[in-house]
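Spelled out, the chains give:
2 protein chains.
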Amino acid sequence: MKSIRLYDTTLRDGTQGEKISFTAQDKLKVARKLDDMGIHYIEGGWPGASAKDFDFFQLAAKETFQHARIAAFCATHKHGSTPEDDRQLNVVLESGAPVGTIVGKTWDLHVTKILGIPLEANLEMIENSVAYLKKNGLEVHYDAEHFFDGYKENPEYAARTIRAAVAGGADAICLCDTNGGALPHEIEEITTAIREVIDSCTDRPIHIGIHTHNDSNLAVANSIVAVRAGATIVQGTINGYGERCGNADLTSIIPILQLKMGYACISEENLAKLQKVSLYVSETANMTPVNSRPFVGKSAFTHKGGLHVDAIMKEPRSYEHITPELVGNRRRVLISDMAGKGNIRYKARELGFPVDENGYDYAEIVNTVKRLEQEGYQYDVADGSLRILMEKLTDQFQPCFELESFRVTVEKEKDRPCRSHAMIKINVEGIEEITAAEGHGPVSALDNSLRKALNNVYRNVLDPVHLVDFKVRVLDGRDGTGAKVRVLIESRDEETIWSTIGVSEDIIEASWQALADSFQYKLARITNGNNQSVQEQGK
Amino acid sequence: MKSIRLYDTTLRDGTQGEKISFTAQDKLKVARKLDDMGIHYIEGGWPGASAKDFDFFQLAAKETFQHARIAAFCATHKHGSTPEDDRQLNVVLESGAPVGTIVGKTWDLHVTKILGIPLEANLEMIENSVAYLKKNGLEVHYDAEHFFDGYKENPEYAARTIRAAVAGGADAICLCDTNGGALPHEIEEITTAIREVIDSCTDRPIHIGIHTHNDSNLAVANSIVAVRAGATIVQGTINGYGERCGNADLTSIIPILQLKMGYACISEENLAKLQKVSLYVSETANMTPVNSRPFVGKSAFTHKGGLHVDAIMKEPRSYEHITPELVGNRRRVLISDMAGKGNIRYKARELGFPVDENGYDYAEIVNTVKRLEQEGYQYDVADGSLRILMEKLTDQFQPCFELESFRVTVEKEKDRPCRSHAMIKINVEGIEEITAAEGHGPVSALDNSLRKALNNVYRNVLDPVHLVDFKVRVLDGRDGTGAKVRVLIESRDEETIWSTIGVSEDIIEASWQALADSFQYKLARITNGNNQSVQEQGK
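Those protein sequence lines, which keep their order, are chains L and Y.
Note that the UniProt record's numbering numbers the first sequence so that position 419 is 419, with each residue one more than the last.
Note that the UniProt record's numbering numbers the second sequence so that position 337 is 337, with each residue one more than the last.
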């Protein structure tokens, strides 16, 4: 089986994406995850352009990676200088990275019009820069910037830049579709042609790499087409992060190469980490995960229509192109306004909820869920609140506390920051508790005073409960500040995670609903001795 | 020039997407926009399966469309019945749509295992269903479900299903990659083969269509590859909306076919509406626009790195694969923590802001913007606040009001909804104004009382100001309810739109900052007689 090497540039080209930024420590954590999944090359940054990137290489040099070689990025040396005098090339040597990746110009337009230097000078800069890092013992990859655009306009000059990199001693030549404008058949033709160029000028085994951008929504296709035409290294980023429309998404490319095209990339066991790595990188980059992301997105194996749900029950591959577990994903059935009785029954089973035994009316549950979803609730992302709702609808709900009243106040004086405090009165098994607390903002104040009140009765039970995510979505922004708001809270204790939801025109009311459901859910599990998690049950 | 017909299924297959739903009126509005852009077929829904869809066809029948033919979707008639007795086929006839699209089974697995009917019976159902709609005067498209999966497992049976549709009189045969698992080279081979099958059994001109899903991140590539192999109709959805990972995205396919492959689809003038249509559909579906969406996304032509910005100033195509205006988009330069002096100067020019003339220190502006962006402000989406910030940093800021204090209170009693009110004291040119108001939630109460106070001085000036969007993003959800929050407000008057921003751990404080900037921005334009908009100036 032919093997393909994976070259991850999330930490370098990925950080060019709008809103993406990593600290050196973040980069190290991501690098460990990538290594653990079996990625072959990790490009950590551009040490000559960023002090933060240089810090990462210092940290990485102290680590032992199992699979990955760390690559440091730089450009060819400057015109009118020598590699020995070039700061960026020397910083790559100082970085301690075993691999140096040098980007150079392929497109005559860039050489003459943007850099304004002679075409011959560019060839020398490529050859000399590559040779300098080789001479100093590095594995050298040459990134041919704008390769396809350059080749289309001036194939002869483009080929000469590649020959220069080969002459310098490059171990790998990576063809870059920098602007993301090339089409699959062009990539195929040109990669095939350049394979011949390289083979005709050296007997050394030289890897061809492919680096694509998604400006034409073709980055993944262009990558796999290049592999079919002879590329053996694929560059890309986790989740396709990168500037403009992003880079080629490794979370799609890896399973396609491995599951659909028969190439060896990483082990089966490591492939099953794909979704986790995708989520880890999105969390570290503080980017909202894209549910519709192929292979690893939450909706990638989600079924909504009733006919499809029936069919996958009979035969999964009838509506699933691969087995979701191969990439660490799982099948989901949506409780949505298209949901029927079958979907609700499936969900009740998934939540481990005894709804069958009590002879309650499914139609009522279905109708209530439909009505609430029309109002803006979204139960497919709030299993905790869904369970409480189902308990309420089947008379199985036992409230651990009841609200009497609360009052939240936010005050501001001139340029000083706001101050928030809350007062709350609840009833716990006949006992009235009234407390007050401050907070970072009104919701935090409410959270603090509710905890204080509950703690008077349920001693220490809530101590391990942390709110790990708090999301606010304005449902229809067109109504301005009077718009309906959806608040989603994710809570965690030592063992499990649960999600709850609230919807209202008043953000405090919506937050209260989600907060109250979260504590209610936790306390019910303790008091009923039913401390099994939704997630565990869902498995 | 060969022409390709575009078949939009946003209103049918697109609504299978998680969170996507349209009313009949929404569908009509979207259909008008699609027609206006020159789309050839608009599939409005499945009238036999949804009363809402049937309503849409009733509305559409009263409209005159310039370019588009409306298509109604249904499945082949049921086993053991006849087309004449089949409710779904008859509802298509009643719908008044001039085009009927019938989906049928290609894959023997689905016929025998899911439906549990004989293979021959399925062929009859296809032929008879197509023939029935043809006989009743409709243009008939046959959607071959799971065509590529079926063909890979049993090419002979798959070809027989197509021959059955041809024998029934179908005008077009659409090959569907229903599960989204096919690869471009498979699509190419199989489409070529089926073109021969069709040509060998009839002399009638029959269009081949292609319908792909994005489960392998290849939907766009698979569509254009099919066109190269002979398909002349492309099905897809605006923004790629659709179940799981979505359908083929027409907002990518149209410019690729037209600008890069030389096919005629829609007029140049209509192509320039592409971004507007994309935004209109996302707004109607209440989906957040994806900034990184190829061609039409806000980031598709956004430049961040300083080197790239320099290069595009010299030569746009150095880092842009097409001219953004061809698809109605425009170039953006980001003010980000990677920003240098050049980017700030570009932005100041874009905002029409006299920052050069005053001899102020660029470095200070750059550093302040960098620091604030690290705290969570995002000035690339808040031109209104950026302008105010730049005015402040260059001593050109003239506040139209100053806050003395405010107090916001939210009260809740048992199960009754929250009640919010706000009291505010401001100073307008030496005069103190103190007002109070209620609202739908605390931010709305604050908005109302600020307007009331300002209205006492600036009579009627704020009447035309509406907040058209209100977005809340929790910056680091891991801090739970104490997390930092970013509030973004978009405001509009009769002439223009402006955006303002606030960041704080306290959502009320963050909302206040954005609200205050918004009114400040509007009042400054009035009082300085400078009523030119940021957007106009940006052109």
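I should point out that these hints are in silico values taken from the structure, not numbers from a laboratory.
All of these numbers come straight from a predicted model, not from anything done at the bench.
One or more of the hints may lead you astray.
Since the list gives no way to pick out one identical chain from another, each pair is judged satisfied if it fits inside one copy or across any two copies.
Heads up, simulated DSS-like pairs for lysine-lysine below, C-alpha to C-alpha not over 27 angstroms straight-line [claimed, not checked]:
1) K484 with K471
2) K19 with K471
3) K113 with K78
4) K298 with K452
5) K276 with K19
6) K314 with K471
7) K52 with K484
8) K484 with K414
9) K135 with K78
10) K370 with K276
Verification of the supplied hints:
Taking CA atoms no more than 27 angstroms apart as the test, K484 paired with K471 passes in both settings, with 14 angstroms inside one copy and 11 angstroms between copies. With identical chains, the CA atoms of K19 and K471 are at most 27 angstroms apart both within one copy (18 angstroms) and between copies (16 angstroms). Taking the closest pair of Cα atoms, K113 and K78 come within 27 angstroms of each other only inside a single copy of the chain (16 angstroms); across copies the shortest separation is 66 angstroms, beyond that limit. Proximity of K298 and K452 under a CA criterion of 27 angstroms is satisfied in neither setting, with 36 angstroms inside one chain copy and 46 angstroms between copies.
Both within a single protomer and between protomers do K276 and K19 lie at most 27 angstroms apart by alpha-carbon distance, with minima of 21 angstroms and 24 angstroms respectively. In this assembly of identical chains, K314 and K471 lie within 27 angstroms of each other by CA distance neither inside one copy nor across copies; the values are 37 angstroms within and 43 angstroms between. Taking identical chains as interchangeable, the C-alpha atoms of K52 and K484 lie at most 27 angstroms apart only when they sit on different chains, with a minimum of 24 angstroms there against 42 angstroms within one chain. In this assembly of identical chains, the alpha carbons of K484 and K414 lie at most 27 angstroms apart only when taken from different copies (21 angstroms versus 29 angstroms within one copy).
Taking the shortest alpha-carbon separations for K135 and K78, only the intra-copy value of 19 angstroms comes in at or below 27 angstroms, while the best inter-copy value is 73 angstroms. Neither within a single protomer nor between protomers do K370 and K276 lie at most 27 angstroms apart by alpha-carbon distance, with minima of 32 angstroms and 32 angstroms respectively.
Hint compliance for this structure: hints 4, 6, 10 are broken, all remaining hints hold.
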